[in-house]
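Each chain, written out:
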Amino acid sequence: MSVVRLIARDELRLMARNRVAVIAFVLLVLLTLAAVLSSWAHQRGIAELRSRHAAAAEQAFDAQPNRHPHRVVHYGTFIFRPLSPLAAFDPGVDAFTGNSMFLEGHRQNTANFGDVRQSSLLIRFGQLTPAFVLQIVAPLLLIFLGYGALARERERGTLRLLMLQGVGRGELVRGKGAALGVVALLAGLPAMIGFALIAGQPGAQIVPMLTIAGGYLAYLALWVVVILLVSAFARRSRDALLALVAIWAVTVILLPRVVPDIANAAVPLRNRLQTDVAIARDLRRMGDSHNPDDPHYAAFKQSVLDRYGVTRVEDLPLNYKGVLAMEGERLTSSLFDRYAGESFAAQARQNALVDAAGILSPAIALRSLSMAAAGTDFAGHRRFLDQAEAYRYDLVQRLNRMQATDVSYADDTATDAGADQRKRVAADNWQRMPDFRFERPDGAVLARAALPGLAILVAWLMIATGLLALATRRLGVR
Amino acid sequence: MSLLAHELRLLLRHRLTVAALALLAVLTIAALAAGMAETSRQHAAIAAIPAAQAEDIAAVADYVDQSKDAGSAAYYSFHPTWDAPAPLAFAALGMRDVSPYMLRVRALGLEAQIYDGDTFNPELALPGRFDFAFVLVFLAPLFVIALFHDLVSSEREAGRQRTLDALPNGGKALWRRRTALRFALVWATLALPFTAAALIEGVALPTLLIVLDLIAAYLFFWVGIAALVGRLQWSSVANAATLAATWLVLVLVVPTLANVAINRAIPVDQGAEIALAQREAVNGAWEIPREQTMRRFYASHPQWADSPPLGTEFHYKWYLAFHQNGDASVAGRVQAYRAGLEARDAAGRALGWLLPSVGVQALLTRLAQTDLTAQLAYQDRVRAFHAQLRDFYYAYLFRDRPFGKADFARAPRFKDTPDG
Amino acid sequence: MTEAPPIHIDALTLAYGTHRVLDGLTLSVPAGSITALLGGNGAGKSTTLAALLGFAKAQSGTIAVCGVDPGRQPDLARKRIAYLPENVALYEHLTAVENADYLLALSGERQSKAAITDALAAAGLQDRAWDQRLGGFSKGMRQKVAIAVALLRQVPVLLLDEPTSGLDPRATADFNALVSAVRDRGTAVLMVTHDLLSAADVADSIAFLEGGRVAEAVPASGPDRFDIRALHARFQVGADRLAA
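Here the protein sequences line up with chains A, B and C, keeping their order.
All residue numbers for the first sequence refer to the UniProt record's numbering, where the first residue is 1 and numbers rise by one.
All residue numbers for the second sequence refer to the UniProt record's numbering, where the first residue is 1 and numbers rise by one.
All residue numbers for the third sequence refer to the UniProt record's numbering, where the first residue is 1 and numbers rise by one.
For reference, chain A alone in the conformation it holds in the complex (with noise of 0.2 Å):
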């Protein structure tokens, strides 16, 4: 049997006959099944209920009586959120997200109704998943089961008495490493067959699946190497779990709250109420549908009559007042897609500037892959968000449309007892408008987007590995 083979089997046996290691590591077994197992309940829960409030929603708007059109565009539509599969492992900013969304004309609804509002507070203090566990739990078993290897033979004169046996310090460390990868694979095992069961369904992306099993491999060899590199340079063990405890909270812990409140800070965000009376503001710039005598109305009017060659609006062959729903809708959407676009891009500079401290705490590089991967990202969020804006603008300009076209414009002035009646369309109409589908990203898409955390992770790696390669030659010297 090899050296290295040896070291490792020798230390795998120290570790076993170390009652509280053994009871750690069984505790972190047990609480990744918990994690997978509620996960995957929660996960599934949740799926069914969306899918549930969608076809009830979907049927509600399907089963409308004869309605005037633009009753249907207030009536608007409710859609929810679909949970990708990979969620079930890393559920990332779905409960800090609304879910279900209410689309209607004239307006651009926030999501509501997210998770965050709906807990107890012990929501943030984190959520159990098995994205929790690895990226939180399982970088502290290691450091308890390994802050000693080098340290210990070290502060207890072994380190010579073995090097006077011909054993190399490369063969040592290697050894060490070799134990301590062990217990990091069988550690994170679990979490991988579970995430392999849950996410594992037919249609699965696999793309983005052996990113993330990827990227947690290199997580937690990156704390291997770590937790050998400082019980390489620590002169007691003690001073080696001390230090390796404060690299865990100052990472794992501290940075990853830290940071993301001076990006806060850094980049404002304009909050809702002066983005809408801001809309507002721009829309009366543009123009008021309601002033007869407004410039933009008034050559938008004459516009519609040049091109039927009328010059009364009661002439069109359409129904003006469905022409200038649909242009007031135009002129509306393009102002919620500009200033949505900038929240968004405001955001998405906040989000960078997390990601760019990646290179400072290999937790948030990897935080942001496994969301990032698992489609739960704010970019998975803002995808969302646009496929439900593009539907909400196509679903009530069809509507707008169908006023301009089944609608009468004689009828839909009309104030008489049956004008009510006389200006609906027919209910069958409504179960031709399409449903909301959400198009999920392709496996590439969403594996190119865990690339950079996946980039600061490896350097990460091979940084940490050159310096223990160094200190593997001093090691003894002292």
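Keep in mind that the hints were calculated from the coordinates and are not lab data.
Be a bit skeptical, because a hint or two may be false.
Under the rule of at most 20 Å between Cα atoms (straight-line distance), these lysine to any residue pairs were calculated in the SDA-like manner [said to hold, decoys possible]: (1) C:79 to B:3; (2) B:405 to B:395; (3) C:79 to B:338; (4) B:405 to B:384; (5) B:172 to C:73; (6) C:57 to C:19; (7) C:79 to B:2; (8) B:172 to C:105; (9) C:79 to B:391; (10) C:139 to B:156; (11) B:172 to C:19; (12) B:68 to A:382; (13) B:172 to C:80; (14) C:139 to B:160; (15) C:139 to B:159; (16) C:79 to B:168; (17) C:57 to B:2; (18) C:79 to B:395.
For the chain B half of the interface with chain A, some residues (derived, Cβ under 7 Å), not all of them [to be verified]: (19) 65; (20) 244; (21) 271; (22) 334.
Note that the coordinates shown come from a computational prediction; the quantities given were computed from them, not determined experimentally.
We put the CB at the ideal spot given by N, CA and C, even for glycine.
With the hints as your guide, set chains B and C onto chain A.
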């Protein structure tokens, strides 16, 4: 030189101790500064409301003034409400980053408006805020562990324990004194910057004293855990590992497990169901005879029942009436939804009796009025204000009084006090 | 009337559970004298010190330090005792003077810096070491600091646990001279040791502990003065019997 001064010198000669205390001080001050910056941002956002609102409402007034139609005024006027941060909010931002603290409402159906959120970046909210509560609940225990894990074991490992025990003032009194000194240093490192910040922010003295006690009590809990582990007479390393593992379990693992358990045990009807039901009720009004809507409305609002009957033309009093009927139709669901949220919150806070990490967070956010209770109280104030708005517009609509420019100034204004 | 000796132990029985460690121990150390306590491992030497310091409680018999029962009033007894463990470990990041100052404070004493440096000088510590941190001090130097503290405290009783183990012959001689000087101030010194030569050199009487009681006590001067060879043989026998 007093004994305490001796102990202080001894302690401050340790690089680890000095570094730990300095780092804790820096983190505390940074967290307080971040919290104060955030609350001042929120104050500024609230202070910016009147200007924006004046501009917005002036445009509505210009338009409505042409028709003098109170219904149009009600339909187009958005009225701002806000929830100014309490003096202590800087210390525990709680839910204020994910729940709106400003909301504009119209006199239409409230249930379609009151759950709206404000713009926030979910990726930034996900890890939680860096505020004083975080430093206290999450980080301070780690510093207690760093300072206390080898309180006795280091003396034993250095071979001094016997010498110290043999001295007349050694032994238990010595450990008590050292414990008290370290405890006081950690407490002061947290409490002094906090007190300064609290005075700047105008926190009431009783609240300040409660928080100072809370800090002491929470630190005391962790010192007690460290003392218990110390009694096992293990090595410093074993103590440190055991304490760090305890921290992980008490601060991270149990709360996340409990969150799952609570959300399973107390199912809450999704708020989306309220919104769906309210929309059906509101839009359904277009399909039923208008008189039916009005009868239902007058039954609950007899004071307007003598209003003239509806003609064939559209009248906003009918529109607003079915909006109010829509709200009334989901009142039961709203109650149940709210009760569910409160039950979940109560379960989380109940856990605080067992788990000091959760207890401290719960108490701090309560004192800072940034918890769910404060959110619901804000919603209640919005509801009360919304009721005033309705009464205000109804007085014009149901009496067919014209609504001129001057009437906009008579609209109720949201008052930022709990008694509204 | 004769005052009771500072260390007075009579028919002391002390057991840890069912294991009797001290079994009728009788021992007195008068003021201004040195008694060396010899015996094999497990004979009860350390327990005797622990009983005097109030760490272990006797089941029966009398034990008194200047008339105070350390089992009942440990703090009062400890006020009268200076104790040097086998390895005098002090605070490495404090200087010699600061260490002395701190240990005195822990004993409830206040002394000026001049008094401390005088005592350090009397204990034989060179003046350039006074303001150095203890990090690099040898065992002998650390003992000198501890003795200086004992001198300043003016305690009537000095307990020494294996003071000369690990010291080279020169340092041993230095230390023995220092202990003799302490004795000459009227202190009662009880010294637990394996070092027969050193005991013979410095002690006024030597007591052999065996099975928890004094098997034999011999004076170190006068007509009954011990014969070092005989003592050595006795000691060997005692150790062998225990090992058997």
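The hints, checked one at a time:
no.	hint	result
1	C:79 to B:3	16 Å, holds
2	B:405 to B:395	16 Å, holds
3	C:79 to B:338	68 Å, violated
4	B:405 to B:384	25 Å, violated
5	B:172 to C:73	14 Å, holds
6	C:57 to C:19	14 Å, holds
7	C:79 to B:2	18 Å, holds
8	B:172 to C:105	15 Å, holds
9	C:79 to B:391	84 Å, violated
10	C:139 to B:156	18 Å, holds
11	B:172 to C:19	27 Å, violated
12	B:68 to A:382	42 Å, violated
13	B:172 to C:80	19 Å, holds
14	C:139 to B:160	13 Å, holds
15	C:139 to B:159	13 Å, holds
16	C:79 to B:168	5 Å, holds
17	C:57 to B:2	32 Å, violated
18	C:79 to B:395	90 Å, violated
19	65	12 Å, violated
20	244	5 Å, holds
21	271	4 Å, holds
22	334	13 Å, violated
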